[in-house]
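Participant: Okay, here's what each chain looks like letter by letter:
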Amino acid sequence: GQNIDQPTEMTATEGAIVQINCTYQTSGFNGLFWYQQHAGEAPTFLSYNVLDGLEEKGRFSSFLSRSKGYSYLLLKELQMKDSASYLCAVLSNDYKLSFGAGTTVTVRA
Amino acid sequence: DVKVTQSSRYLVKRTGEKVFLECVQDMDHENMFWYRQDPGLGLRLIYFSYDVKMKEKGDIPEGYSVSREKKERFSLILESASTNQTSMYLCAASTRAVFSYEQYFGPGTRLTVT
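For the protein sequence lines, the chains are A and B, in the order given.
The opening residue of the first sequence carries number 65 in the working numbering; numbering runs sequentially from there.
The opening residue of the second sequence carries number 596 in the working numbering; numbering runs sequentially from there.
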């Protein structure tokens, strides 16, 4: 099975940087996803890491360390529209995604 | 873009009713999934399917069944709805192509059982 932990809530100021950590314990690993979910909407894909290191995509970056069972999502130059829930999910060898409970990020002006 | 649609955004049913939640995807993806999402618990996998007529139990299958008669359609069935099945239900689809494991989600159905 999978055990995935991430903080419940984070608050930051517009223009700032926020880092959302995710730790996992897994019996099979085939990559780690980050999804963004605005209130009342479906989750949408942000990033996928399967190898160690940093993947950068515009204002968002995601990092993975497989040996440590650790990932983070870095949001830079925060905008009000980034207020959302961010979901960490681990993909197992049979294509099943196991999700953390999500981190609600609130961006303040 | 893959489009995943669900039959209803909001649904209110009575305890003991049989409930059908329908999901349709338009990109010929092999895998389809049903999740429920509850505050503080995140998304939990109910059932999934790798192909037509195939189904596998997820983490919380009790009280649910599924049907996949056609590749594009995956139905979730609550045989006898109970109040603890009040939740947001999300359907997702994904391909098995290498390096393309992203799951695409539908808009969700908020089910209330009274």
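Warning: the hint list may mix true and false statements.
Stated by the list, open to error - Cβ pair distances, simulated, as ranges:
#, chain 1, residue 1, chain 2, residue 2, range
1, B, 634, A, 115, 45 to 51 angstroms
2, B, 600, A, 94, 36 to 42 angstroms
3, B, 613, A, 170, 21 to 27 angstroms
4, A, 78, B, 707, 18 to 24 angstroms
5, A, 132, B, 655, 27 to 33 angstroms
6, B, 635, A, 75, 28 to 34 angstroms
7, A, 81, B, 613, 20 to 26 angstroms
8, A, 173, B, 672, 42 to 48 angstroms
It should be emphasised that the hints constitute simulated quantities derived from the structure, not laboratory data.
Note that this is a predicted model, so its numbers are computed, not measured.
Note that beta-carbon positions come from the ideal geometry of N, C-alpha and C, so glycine has one too.
Participant: Could you run down the list of hints and mark each one as holding or not?
Facilitator: Right, here's what the structure says about each hint:
In this structure the hint that residue 634 of chain B and residue 115 of chain A lie 45 to 51 angstroms apart at CB is violated, the actual value being about 33 angstroms. One distance hint, 36 to 42 angstroms for the beta-carbon pair residue 600 of chain B and residue 94 of chain A, is violated here, with the actual separation near 27 angstroms. A C-beta distance of roughly 40 angstroms is found between residue 613 of chain B and residue 170 of chain A, which places it outside the suggested range of 21 to 27 angstroms. One distance hint, 18 to 24 angstroms for the beta-carbon pair residue 78 of chain A and residue 707 of chain B, is violated here, with the actual separation near 36 angstroms.
A hinted range of 27 to 33 angstroms holds for the C-beta pair residue 132 of chain A and residue 655 of chain B, which are about 29 angstroms apart. Between residue 635 of chain B and residue 75 of chain A the Cβ separation comes to about 18 angstroms, which falls outside the hinted range of 28 to 34 angstroms. At roughly 50 angstroms, the beta-carbon separation of residue 81 of chain A and residue 613 of chain B lies outside the given 20 to 26 angstroms, and the hint is violated. Separation of residue 173 of chain A from residue 672 of chain B is about 46 angstroms and conforms to the stated range, judged on CB atoms against 42 to 48 angstroms.
Consistency note: the structure conflicts with the earlier hints numbered 1, 2, 3, 4, 6 and 7.
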